[in-house]
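Chemist: Here's the letter readout for the chains.
Number of protein chains: 2
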Amino acid sequence: MRKILIIGAGKSTSVLIDYLLKKSEVENLQLIIGDLEVKNAEKMVGKHARAKAISLDIFNSGEREKAIQDSDIIISMLPARFHIEVAKDCLSLGKNLVTASYISEEMKQLDEAVKKKGLVFMNEIGVDPGIDHMSAMQVIDRIREKGGKMLLFESFTGGLVAPESDTNLWNYKFTWNPRNVVVAGQGGVAKFLQEGKFKYIPYNRLFRRTEFLHVKDYGKFEVYANRNSLQYKNIYGLDDILTLYRGTIRRVGFSRAWNMFVQLGMTDDSYTMENSEEMSYRDFINSFLPYSPTDSVELKFRHNLKIDQDDIMWDKLMELDIFNSNKKVGLKNATPAEILQKILMEKWSLSNDDKDMIVMYHKFGFEINGEKKQIDATMVNIGEDQTSTAMARTVGLPVAIAALKILNGTISTPGVQIPITKEVYDPILKELAENGITFREEEKEYLGYNPFGEVGN
Amino acid sequence: MRKILIIGAGKSTSVLIDYLLKKSEVENLQLIIGDLEVKNAEKMVGKHARAKAISLDIFNSGEREKAIQDSDIIISMLPARFHIEVAKDCLSLGKNLVTASYISEEMKQLDEAVKKKGLVFMNEIGVDPGIDHMSAMQVIDRIREKGGKMLLFESFTGGLVAPESDTNLWNYKFTWNPRNVVVAGQGGVAKFLQEGKFKYIPYNRLFRRTEFLHVKDYGKFEVYANRNSLQYKNIYGLDDILTLYRGTIRRVGFSRAWNMFVQLGMTDDSYTMENSEEMSYRDFINSFLPYSPTDSVELKFRHNLKIDQDDIMWDKLMELDIFNSNKKVGLKNATPAEILQKILMEKWSLSNDDKDMIVMYHKFGFEINGEKKQIDATMVNIGEDQTSTAMARTVGLPVAIAALKILNGTISTPGVQIPITKEVYDPILKELAENGITFREEEKEYLGYNPFGEVGN
Numbered sequence: 038m039r040k041i042l043i044i045g046a047g048k049s050t051s052v053l054i055d056y057l058l059k060k061s062e063v064e065n066l067q068l069i070i071g072d073l074e075v076k077n078a079e080k081m082v083g084k085h086a087r088a089k090a091i092s093l094d095i096f097n098s099g100e101r102e103k104a105i106q107d108s109d110i111i112i113s114m115l116p117a118r119f120h121i122e123v124a125k126d127c128l129s130l131g132k133n134l135v136t137a138s139y140i141s142e143e144m145k146q147l148d149e150a151v152k153k154k155g156l157v158f159m160n161e162i163g164v165d166p167g168i169d170h171m172s173a174m175q176v177i178d179r180i181r182e183k184g185g186k187m188l189l190f191e192s193f194t195g196g197l198v199a200p201e202s203d204t205n206l207w208n209y210k211f212t213w214n215p216r217n218v219v220v221a222g223q224g225g226v227a228k229f230l231q232e233g234k235f236k237y238i239p240y241n242r243l244f245r246r247t248e249f250l251h252v253k254d255y256g257k258f259e260v261y262a263n264r265n266s267l268q269y270k271n272i273y274g275l276d277d278i279l280t281l282y283r284g285t286i287r288r289v290g291f292s293r294a295w296n297m298f299v300q301l302g303m304t305d306d307s308y309t310m311e312n313s314e315e316m317s318y319r320d321f322i323n324s325f326l327p328y329s330p331t332d333s334v335e336l337k338f339r340h341n342l343k344i345d346q347d348d349i350m351w352d353k354l355m356e357l358d359i360f361n362s363n364k365k366v367g368l369k370n371a372t373p374a375e376i377l378q379k380i381l382m383e384k385w386s387l388s389n390d391d392k393d394m395i396v397m398y399h400k401f402g403f404e405i406n407g408e409k410k411q412i413d414a415t416m417v418n419i420g421e422d423q424t425s426t427a428m429a430r431t432v433g434l435p436v437a438i439a440a441l442k443i444l445n446g447t448i449s450t451p452g453v454q455i456p457i458t459k460e461v462y463d464p465i466l467k468e469l470a471e472n473g474i475t476f477r478e479e480e481k482e483y484l485g486y487n488p489f490g491e492v493g494n
Numbered sequence: 038m039r040k041i042l043i044i045g046a047g048k049s050t051s052v053l054i055d056y057l058l059k060k061s062e063v064e065n066l067q068l069i070i071g072d073l074e075v076k077n078a079e080k081m082v083g084k085h086a087r088a089k090a091i092s093l094d095i096f097n098s099g100e101r102e103k104a105i106q107d108s109d110i111i112i113s114m115l116p117a118r119f120h121i122e123v124a125k126d127c128l129s130l131g132k133n134l135v136t137a138s139y140i141s142e143e144m145k146q147l148d149e150a151v152k153k154k155g156l157v158f159m160n161e162i163g164v165d166p167g168i169d170h171m172s173a174m175q176v177i178d179r180i181r182e183k184g185g186k187m188l189l190f191e192s193f194t195g196g197l198v199a200p201e202s203d204t205n206l207w208n209y210k211f212t213w214n215p216r217n218v219v220v221a222g223q224g225g226v227a228k229f230l231q232e233g234k235f236k237y238i239p240y241n242r243l244f245r246r247t248e249f250l251h252v253k254d255y256g257k258f259e260v261y262a263n264r265n266s267l268q269y270k271n272i273y274g275l276d277d278i279l280t281l282y283r284g285t286i287r288r289v290g291f292s293r294a295w296n297m298f299v300q301l302g303m304t305d306d307s308y309t310m311e312n313s314e315e316m317s318y319r320d321f322i323n324s325f326l327p328y329s330p331t332d333s334v335e336l337k338f339r340h341n342l343k344i345d346q347d348d349i350m351w352d353k354l355m356e357l358d359i360f361n362s363n364k365k366v367g368l369k370n371a372t373p374a375e376i377l378q379k380i381l382m383e384k385w386s387l388s389n390d391d392k393d394m395i396v397m398y399h400k401f402g403f404e405i406n407g408e409k410k411q412i413d414a415t416m417v418n419i420g421e422d423q424t425s426t427a428m429a430r431t432v433g434l435p436v437a438i439a440a441l442k443i444l445n446g447t448i449s450t451p452g453v454q455i456p457i458t459k460e461v462y463d464p465i466l467k468e469l470a471e472n473g474i475t476f477r478e479e480e481k482e483y484l485g486y487n488p489f490g491e492v493g494n
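Residue numbers (our numbering), protein chains in the order written: chain A, 38 to 494; chain V, 38 to 494.
No lab work stands behind these hints, which were simulated from the structure alone. Worth double-checking, as some hints may not be accurate.
[As the list claims (entries may be wrong)] Calculated cross-link-like contacts (lysine-lysine; reagent style DSBU-like; alpha-carbon spacing at most 35 Å):
hint: 1; chain 1: V; residue 1: Lys186; chain 2: A; residue 2: Lys384
hint: 2; chain 1: V; residue 1: Lys369; chain 2: A; residue 2: Lys270
hint: 3; chain 1: V; residue 1: Lys369; chain 2: A; residue 2: Lys257
hint: 4; chain 1: A; residue 1: Lys364; chain 2: V; residue 2: Lys234
hint: 5; chain 1: V; residue 1: Lys257; chain 2: A; residue 2: Lys270
hint: 6; chain 1: V; residue 1: Lys369; chain 2: A; residue 2: Lys234
hint: 7; chain 1: A; residue 1: Lys270; chain 2: V; residue 2: Lys379
hint: 8; chain 1: V; residue 1: Lys343; chain 2: A; residue 2: Lys379
hint: 9; chain 1: A; residue 1: Lys343; chain 2: V; residue 2: Lys384
hint: 10; chain 1: V; residue 1: Lys234; chain 2: A; residue 2: Lys369
hint: 11; chain 1: A; residue 1: Lys234; chain 2: V; residue 2: Lys384
hint: 12; chain 1: A; residue 1: Lys337; chain 2: V; residue 2: Lys481
hint: 13; chain 1: A; residue 1: Lys343; chain 2: V; residue 2: Lys343
hint: 14; chain 1: A; residue 1: Lys409; chain 2: V; residue 2: Lys154
hint: 15; chain 1: V; residue 1: Lys337; chain 2: V; residue 2: Lys257
hint: 16; chain 1: V; residue 1: Lys369; chain 2: A; residue 2: Lys337
hint: 17; chain 1: V; residue 1: Lys186; chain 2: A; residue 2: Lys270
hint: 18; chain 1: A; residue 1: Lys343; chain 2: V; residue 2: Lys257
hint: 19; chain 1: V; residue 1: Lys257; chain 2: A; residue 2: Lys409
hint: 20; chain 1: A; residue 1: Lys343; chain 2: V; residue 2: Lys379
hint: 21; chain 1: A; residue 1: Lys343; chain 2: V; residue 2: Lys270
hint: 22; chain 1: V; residue 1: Lys343; chain 2: A; residue 2: Lys369
hint: 23; chain 1: V; residue 1: Lys270; chain 2: A; residue 2: Lys364
hint: 24; chain 1: V; residue 1: Lys369; chain 2: A; residue 2: Lys369
hint: 25; chain 1: A; residue 1: Lys234; chain 2: V; residue 2: Lys270
hint: 26; chain 1: V; residue 1: Lys186; chain 2: A; residue 2: Lys337
hint: 27; chain 1: V; residue 1: Lys270; chain 2: A; residue 2: Lys365
hint: 28; chain 1: A; residue 1: Lys186; chain 2: V; residue 2: Lys369
hint: 29; chain 1: A; residue 1: Lys481; chain 2: V; residue 2: Lys343
hint: 30; chain 1: A; residue 1: Lys365; chain 2: V; residue 2: Lys384
hint: 31; chain 1: V; residue 1: Lys343; chain 2: A; residue 2: Lys257
hint: 32; chain 1: V; residue 1: Lys481; chain 2: A; residue 2: Lys234
hint: 33; chain 1: V; residue 1: Lys343; chain 2: A; residue 2: Lys384
hint: 34; chain 1: A; residue 1: Lys365; chain 2: V; residue 2: Lys186
hint: 35; chain 1: A; residue 1: Lys343; chain 2: V; residue 2: Lys253
hint: 36; chain 1: V; residue 1: Lys364; chain 2: A; residue 2: Lys234
hint: 37; chain 1: A; residue 1: Lys337; chain 2: V; residue 2: Lys409
hint: 38; chain 1: V; residue 1: Lys337; chain 2: A; residue 2: Lys186
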């Protein structure tokens, strides 16, 4: 039996484990699920004969080395910062490794040694990063093989709520880590390229510089820019490209409303507020507004952000019950971002029968035989239930498929890598499609950034 | 002869040196002016018999120690980060020290040793910090001595252009370090207290949450909040105060226009722009605006910030020639803030006959014998010429006066300190007044933050 060690039995691993267990007879696999809390691992394993739960403290080097030594390939589903110790053991013990996280600087530095030993360390093979890399590179390589020259690449992903569960005015619920949503966009200026021009959007303008997208059968969405799109020049080999833009998808109107919080400073995670524990929601809001002995917090809020009383943004605030003076924050030494997250989680958490949705949208502009063309590729995936969520599937399936293909030698080029080579993306995308994760492609007229086809006058 | 060593012969030391030279016969002083560039020091010294210029590299510990050993008191006019080495030598060689800079953490840690040796290390004795401390504490102590209880303290300072030199639409010219003006407000959220409520203003709202001030004979000004007003609770012993607010003074309309740069991200100093050297001013502006094949940079700017064509803000931009496509930035790997500074320096630099102006405004609210009262104290100082600027005078005079009083033993309480005790502020403020730096006090009705005396309805 070939042993696959999966480290970290979080919620996101259910689909991953399920996939591998289904293949375990045919492929002669045994799964070892290791978690600090053995109960978490046991829950995932159930009574399956080919799976075993173990207690695994990754900070105990003896335990960690033993578990890795006993296995044929390792899948690390730990938070990104914990991969490196596992990776070092995999290197010294000669085991292949799969993670869904961005390659860290430390991980990158193992590349030479990993190559020398002929090992495969596959990273960034979840959904974003992951499916985005594979689906984009497949189209880009196809365009190039036909002699096309890339002019434009735009890529957008969003973790959203499924249409049937889209029941609040924000058209949004937390389907993944809420903290990441609250602090999104704060890591530095958003940089990208539009028609050869470098563009920069500061945080305070990010949610007002959105663009629209239409997805067949799903309607209209909006996009705000991700931090650094320019790095994809190198990663995808798009050296002479004119337009390079990556972004995050939301339903239309989310960003305009979210911007209220940004403008007032309620998403700031850099300082703690005085008396945060005893503060009411109303006090919290009032902290970001000028003092007045007479005017209401509501009127100050409206006046400060120039919100008309019949603006839907106001209804969105009301829905959050954010002016309530009886609800206490109840968090000690909390940052504005932490308090806002708490308030939002009361309203934006998924209920038991809610489903999530992943939307991915790529645009490829290119020139071929003197003609400009565009291909749009879209993928929508909707969760089945609270276990087999769209997020767990689109992260777990590519990880599982990659692990098995590496184990079987279908993917064998050594090195610390991400899934941007044909050897990797072709078989994985094929199998993802068999599991319902497919892209719809459409050829369009190339409009670039002149969508109305107008000339200035 | 008693020797005073002045380290750093920058532009700001002219008034300081001039004051001490005038006293040199009566007080039996010799001045030693040390600078890395001995020519700078020689310029300051002229042919005065009681002054000597020396070459002094403060990173050469031998040179530094010798110069300090030879003197009776040391005035360090170096940039703040360089004081500490001088301070350590002063401590070991048993010399008193005067600086105009904020006390650093390292400097603070010398306190115990400085006290043990009976030395005076006086810091923050320029204008802001400096005259603000002294003039505020004199009034606060007076109120307390009479049995009053402090309710409100607000304090504002601005380095501006004198009315007779106020010749541009921004009503502003650089009278001090331009860089500090461009990045002002970026060090973290502005925190303060209003009527017992903690208030927070993020950077992107800072220049829209201004308050107005009237100064007799000088008209209307506006104020934006400084970073952390709360620390003055400890510094001034204002533990139970309800309102505590410090800010920076500008002419009305400056902040609303400056906010255009803030909103677009043009004051960001955290990243360098691509191809900054070859960029035109117009390209620079366009980097912060969406791409369009047809619309002008001007229209995009107006639309993005919703500026009407007859808004004075637009004329302010025109005055800066900021849309010029022929003027090159010419700075390699420059940040937005560095580029903006360059553009502004072309228009906002003082010309030879321009004069500067320092404005300081304190409000003291207090309760005494069951009655609420308010005292407003204002100081305006206008420069004489490009040498005896208001800035050089209001920084140099208190430093010089303090040094002489310490030398003469009028100020003798040992320790690393700032000028907040009667022993220090009384004699210095008296002598500043003799030199034309005076405060006008006015008793007012206490209005707190209910300036219109209204009750909500």
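Chemist: Which hints, by number, does the structure contradict?
Modeler: Violated: hints 1, 3, 5, 14, 16, 17, 19, 22, 24, 25, 30 and 32.
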